[in-house]
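Novice: So the sequence lines, in the order shown, correspond to chains C and R.
Read in order, the letters of the first sequence are residues 1 to 97 in our numbering.
Read in order, the letters of the second sequence are residues 98 to 265 in our numbering.
A portion of the hints provided could be inaccurate.
Which bits of chain R does chain C cover? Going by a derived footprint, with three or more residues having C-beta under 8 Å, they are [what the hints assert, rightly or not]:
no.: 1; region: 147-153
no.: 2; region: 157-171
Only some residues are given here: those of chain C computed to face chain R with a beta carbon under 8 Å [unchecked claim]:
no.: 3; residue: 30
no.: 4; residue: 32
no.: 5; residue: 33
no.: 6; residue: 37
no.: 7; residue: 55
no.: 8; residue: 60
no.: 9; residue: 62
no.: 10; residue: 65
no.: 11; residue: 77
These are calculated hints, taken from the structure and not from any lab test.
Quick reminder that beta carbons are idealized off the backbone N, C-alpha and C, glycines included.
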Amino acid sequence: MAVLTVLVDNSDQDHYGLELAAKARINPGSVYPILIRLESEGWLTSAWEDIDESIVGRRRRKYYRLTGLGCSAAERELTTWQNRFNHPVLRPGAAII
Amino acid sequence: MIWLTLITLILVPLFVAELFQCFPWIAEKLLLFASTKLPASARRDQLAQWQGDIDALPGQLIKVIKATSILLGSPAIGRAIATGIRQARPSAPTTPAVPTDHSRTQHAIVTLDAALNDASLNIEVLRASLGERFMDSLTTIERMEMADRLAAFKREYLRGLEKRYEQP
Chain C
1 MAVLTVLVDN SDQDHYGLEL AAKARINPGS VYPILIRLES EGWLTSAWED IDESIVGRRR
61 RKYYRLTGLG CSAAERELTT WQNRFNHPVL RPGAAII
Chain R
98 MIWLTLITLI LVPLFVAELF QCFPWIAEKL LLFASTKLPA SARRDQLAQW QGDIDALPGQ
158 LIKVIKATSI LLGSPAIGRA IATGIRQARP SAPTTPAVPT DHSRTQHAIV TLDAALNDAS
218 LNIEVLRASL GERFMDSLTT IERMEMADRL AAFKREYLRG LEKRYEQP
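Same shape as in the complex, but just chain R (with noise of 0.2 Å):
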């Protein structure tokens, strides 16, 4: 019984304490790990401002907490970089080159039809799929993320096509 009491009234808030202290480390590991899921050109700057935004944080748990979800988000961030780095780059074989007097939607357009292109589909397949009307009723903001989906709906679709190839 005396040993109980002195685990509880002793080593259990030691324990505590020294947890409290590890949580600015384990953010910092967590930030760390979900940059290695960006490409590596950006993986610097984005490690940055990840450790800027959890420094100015008040208290240790919260920091964890927010690395956590950033951990959880870095794969869709590894694809909106990748996405900006082959908007970026104008010899990329998949993504047309946006003449600059093209307006927002029409980037948008073309941008969607890169990764449809990628998808082994062109917008064409998909304004005869979906009808002009939809297509034309849609704001940027919803054919990037279309552009964004049918992208990762590739990539799913090439994992499973590896995995079975894979298969004995």
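So here's chain C without its partners, still in its complex pose (with noise of 0.2 Å):
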């Protein structure tokens, strides 16, 4: 939820896996499966950086963005977990582990 927080502050800017943890405040091995599935979903699309590596000194970035379909399904689900949290119900870990 803390990534598609800032994912849906900053729609209209690219992120990188680490940039995104250290704003969601979340560790780096945890952010790359999130990215990944919401990739798979549909709700980001990806992109290489566009630079020469041996100018800039460094290896390029791979850019995520939040999609159209992305955009609204985040701000939609963050509504319903803002519900959630005002009135929590039962949450489904408790129920399965």
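Using the hints, put the two chains back together into the complex; each one sits in its own frame.
Specialist: Spelled out as structure tokens, the structure:
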């Protein structure tokens, strides 16, 4: 949810993995599965940075951006989440694990 | 005493400086090792993405710290990629095809159903045990998380079975 919040708040910007992890305050190892899953669901689109690696002195990054579908779906999820937070119900993890 | 002073003043700073020089190399090796936890088809792209992200970080030690975090998260990354590959493969035996006119929620339910089939269960069993209202109250992301957890549970269960049968 933290990642979604960052993505929605900056929906006009491109983001790379570690930047999102820092903004969402989660471990870098946790942000990549989220990005992969959101991209496979069509919520995110990704593109490699267009730079000359020898000039810039670093390797290119992969940038992510919310799609139109992702933006509306993420806002819906965040609203649902917010409502749930205000009126907590049984969490799924507690029922299964 | 003189030797101790010499060691403290010369060798320790040298050693520390040398160690700091090694940090990018260590980070690179950690990322390489992390990539071995991923499905072979996605290894190269994912490694390039990590390398690009790590390269831009200032400092040396932070590279190792972030690479370690990525290494720790690599099994989950591998699972996410494997799930994506399974969903993208129409002929996969355990994943039913998702009609294009399905909503995202229905897609998530089908994904969850596929994971449950993997675990020798199905969505109806879950609905019966957890209740229709509970299932309907879940968000898409929660359903996806449930699917992940069940798939992980199944893997652990199978691993446990394998171990049991391996024992004499």
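Novice: Taking the hints in turn, state whether each one holds.
Specialist: These are the hints, each one checked on the structure:
Counting residues of the region 147-153 of chain R whose CB lies closer than 8 Å to any CB of chain C gives 7, so the stated coverage by that chain holds, three being the minimum. Three residues within the 8 Å Cβ limit are the bar, and the region 157-171 of chain R against chain C gives 7, so the coverage statement holds. Given hint, residue 30/C at the interface with chain R, holds; its Cβ is 6 Å from that chain's nearest Cβ, closer than 8 Å. The interface hint given for residue 32/C holds, since its Cβ lies 5 Å from the closest Cβ of chain R, which is under the 8 Å cut-off.
For residue 33/C, the shortest C-beta to C-beta distance to chain R is roughly 4 Å, which falls under 8 Å, so the interface hint holds. The beta carbon of residue 37/C is positioned within 8 Å of a beta carbon in chain R (closest approach about 5 Å), and the interface hint is therefore held. Of the supplied interface hints, the one on residue 55/C is violated, with its beta-carbon coming no nearer than about 14 Å to a beta-carbon of chain R, more than 8 Å. Using the Cβ-Cβ criterion of 8 Å, the hint placing residue 60/C at the interface with chain R is satisfied: the shortest such distance is roughly 5 Å.
Taking 8 Å as the C-beta contact cut-off toward chain R, the hint placing residue 62/C at the interface holds, the least distance being around 4 Å. Here the hint on residue 65/C is broken, as its CB sits about 15 Å from the closest CB of chain R, past 8 Å. For residue 77/C, the shortest C-beta to C-beta distance to chain R is roughly 5 Å, which falls under 8 Å, so the interface hint holds.
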